[in-house]
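Let's have the full structure, built from the sequences with the hints guiding it.
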Amino acid sequence: MTEMPSTLSIDAARALLLHAQGIEPGPSRLATRQSVLASIRRMGQLQIDTISVVNRSPYLVLFSRSGPFETVWLEELLARGKIFEAWSHEASFLPIEDYPTAAARFAESKPWRNRYRAFLETHRERADELIELIRTNGPVRSADFEREQPKSTGWWSERKHEKLVLESLFAGGTVMIVARENFQRVYGLREMVLPAWEDHHADTLDDADDAMVAKSIEALGVATNRWIADYYRMPVARATAALKRQLERGTVVETQIEELGRAFVHASNVALARKANRGRLTPQRTVLLSPFDPVVWHRLRASELFGFDYLIECYTPAEKRVYGYFTLPILHRGQLVGRLDPKAHRANGIFEVRNLHLEPWFEPDSRFIDELAETLAGFAMWHGTPEVRITRTTPADIQESLQPHVQRCSNEGGAHVSSPV
Numbered sequence: 001m002t003e004m005p006s007t008l009s010i011d012a013a014r015a016l017l018l019h020a021q022g023i024e025p026g027p028s029r030l031a032t033r034q035s036v037l038a039s040i041r042r043m044g045q046l047q048i049d050t051i052s053v054v055n056r057s058p059y060l061v062l063f064s065r066s067g068p069f070e071t072v073w074l075e076e077l078l079a080r081g082k083i084f085e086a087w088s089h090e091a092s093f094l095p096i097e098d099y100p101t102a103a104a105r106f107a108e109s110k111p112w113r114n115r116y117r118a119f120l121e122t123h124r125e126r127a128d129e130l131i132e133l134i135r136t137n138g139p140v141r142s143a144d145f146e147r148e149q150p151k152s153t154g155w156w157s158e159r160k161h162e163k164l165v166l167e168s169l170f171a172g173g174t175v176m177i178v179a180r181e182n183f184q185r186v187y188g189l190r191e192m193v194l195p196a197w198e199d200h201h202a203d204t205l206d207d208a209d210d211a212m213v214a215k216s217i218e219a220l221g222v223a224t225n226r227w228i229a230d231y232y233r234m235p236v237a238r239a240t241a242a243l244k245r246q247l248e249r250g251t252v253v254e255t256q257i258e259e260l261g262r263a264f265v266h267a268s269n270v271a272l273a274r275k276a277n278r279g280r281l282t283p284q285r286t287v288l289l290s291p292f293d294p295v296v297w298h299r300l301r302a303s304e305l306f307g308f309d310y311l312i313e314c315y316t317p318a319e320k321r322v323y324g325y326f327t328l329p330i331l332h333r334g335q336l337v338g339r340l341d342p343k344a345h346r347a348n349g350i351f352e353v354r355n356l357h358l359e360p361w362f363e364p365d366s367r368f369i370d371e372l373a374e375t376l377a378g379f380a381m382w383h384g385t386p387e388v389r390i391t392r393t394t395p396a397d398i399q400e401s402l403q404p405h406v407q408r409c410s411n412e413g414g415a416h417v418s419s420p421v
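The numbering of the sequence shown is our numbering, which starts it at 1 and goes up by one.
Simulated from the structure, these hints should not be mistaken for lab results.
Worth double-checking, as some hints may not be accurate.
[To be verified] Pairwise CB distance ranges, derived in the manner of DEER restraints:
1. THR50 with ALA271: 22 to 30 Å
2. ARG245 with THR50: 43 to 51 Å
3. VAL53 with ARG245: 37 to 45 Å
4. PRO360 with ASN182: 40 to 48 Å
5. ASN225 with GLY349: 44 to 52 Å
6. ALA107 with GLY349: 25 to 33 Å
7. ARG299 with HIS161: 19 to 27 Å
8. GLY279 with GLU181: 45 to 53 Å
9. SER28 with PRO235: 25 to 33 Å
10. THR204 with PHE145: 34 to 42 Å
11. THR50 with GLY261: 33 to 41 Å
12. ALA271 with GLU387: 39 to 47 Å
[Claimed, not checked] 30 Å max Cα-Cα, derived DSS-like pairs, lysine-lysine:
13. LYS244 with LYS163
14. LYS110 with LYS82
15. LYS244 with LYS275
16. LYS275 with LYS320
17. LYS82 with LYS163
18. LYS275 with LYS215
19. LYS275 with LYS110
20. LYS320 with LYS343
21. LYS215 with LYS110
22. LYS110 with LYS160
23. LYS160 with LYS244
These figures come from a predicted structure and were not determined experimentally.
Beta carbons: idealized from backbone N, C-alpha and C, even for Gly.
Dropping the structure here:
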């Protein structure tokens, strides 16, 4: 094996992360279903979120790696059994070959899993009825059932009874999500997706931990001890034990990141790490990231590696928001240089940038303006909202310089930009 550098610079660690994640060097050809699947396999998981002020998060993550693609492909991959849904980092799509690892986690003792188990035990009769209904009539949606009780307060109590039963069965692996219709879950029995599956095919928990730790380090390019457990939301003690086993086997190797200390690289990425350290993986792209992109979903890593303090504010009361409801981090040539708050007005064909805020330390130059303009124009076109309206920027003079450049890029793509009305 190629010798691992003893130390990586911060810049090299960033470059390694972005290449391992598939953001760099960017797509070299038009996206296909297979390239979308390859992106999910490379990341190991694709977090699901339903907020859609622009496109939903899974689509944004894939766009930043594959370029323009047909969003229906994701649902088709699910329906064809190429990917599956499970609780992982959060609710996520994962490659179907990783199901044995996910299945090992069904028996984990976690408060939310224990809550579902207790609910299922209390409502076992209704659960058995739903299982038989699906086996007889086929997959079901929560919407197929009437709400028998009025809504009450609290997240748990507001959920429909059958929805809770189905989710409990899903958390335990009895049912799987066999499709999505308008992004709503369709529940089927596991035997419908994996007819030959038997529970003894699941990994042991130690094997699952080994697989998740190895994949975390591979997907992140380089990872400190504190970043590894977060990727699959593992208990720190189990992640630490699995890391020790991977080091002993040579699956991962140890290095250092300047200023951050001890870190780890997967054996498959050692050659890439050497290139990064020699400055041969210099990031070139300007892209907009989803708030739930693996690059930024761990606030500690975003802060330590990029100096970027990021918090999605959709869960923050409106009067306390600083940057906006659903801000997208701006990744420019290996640095997180700002964020923008977008809104896709599809009925009117308008893509609104409600607020664009650059980091105080960043000094934008003409190259940045050109590259961000091209990124915005392409992003808006993919959303089917070709008219771009830039409402506010910080610093304020960015709006004046950015707008004509977006105008030019949009016109070249058959779109146009306009001032706010």
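Going through the hints against the structure:
no., hint, in the structure
1, THR50 with ALA271: 22 to 30 Å, "violated, 39 Å"
2, ARG245 with THR50: 43 to 51 Å, "violated, 37 Å"
3, VAL53 with ARG245: 37 to 45 Å, "holds, 43 Å"
4, PRO360 with ASN182: 40 to 48 Å, "holds, 42 Å"
5, ASN225 with GLY349: 44 to 52 Å, "holds, 48 Å"
6, ALA107 with GLY349: 25 to 33 Å, "violated, 50 Å"
7, ARG299 with HIS161: 19 to 27 Å, "violated, 36 Å"
8, GLY279 with GLU181: 45 to 53 Å, "holds, 48 Å"
9, SER28 with PRO235: 25 to 33 Å, "violated, 40 Å"
10, THR204 with PHE145: 34 to 42 Å, "holds, 37 Å"
11, THR50 with GLY261: 33 to 41 Å, "holds, 38 Å"
12, ALA271 with GLU387: 39 to 47 Å, "holds, 45 Å"
13, LYS244 with LYS163, "violated, 40 Å"
14, LYS110 with LYS82, "holds, 28 Å"
15, LYS244 with LYS275, "holds, 26 Å"
16, LYS275 with LYS320, "violated, 44 Å"
17, LYS82 with LYS163, "holds, 25 Å"
18, LYS275 with LYS215, "holds, 21 Å"
19, LYS275 with LYS110, "violated, 41 Å"
20, LYS320 with LYS343, "holds, 19 Å"
21, LYS215 with LYS110, "holds, 22 Å"
22, LYS110 with LYS160, "holds, 23 Å"
23, LYS160 with LYS244, "violated, 44 Å"
The structure does not agree with the numbered hints 1, 2, 6, 7, 9, 13, 16, 19, 23 stated previously, though it agrees with the rest.
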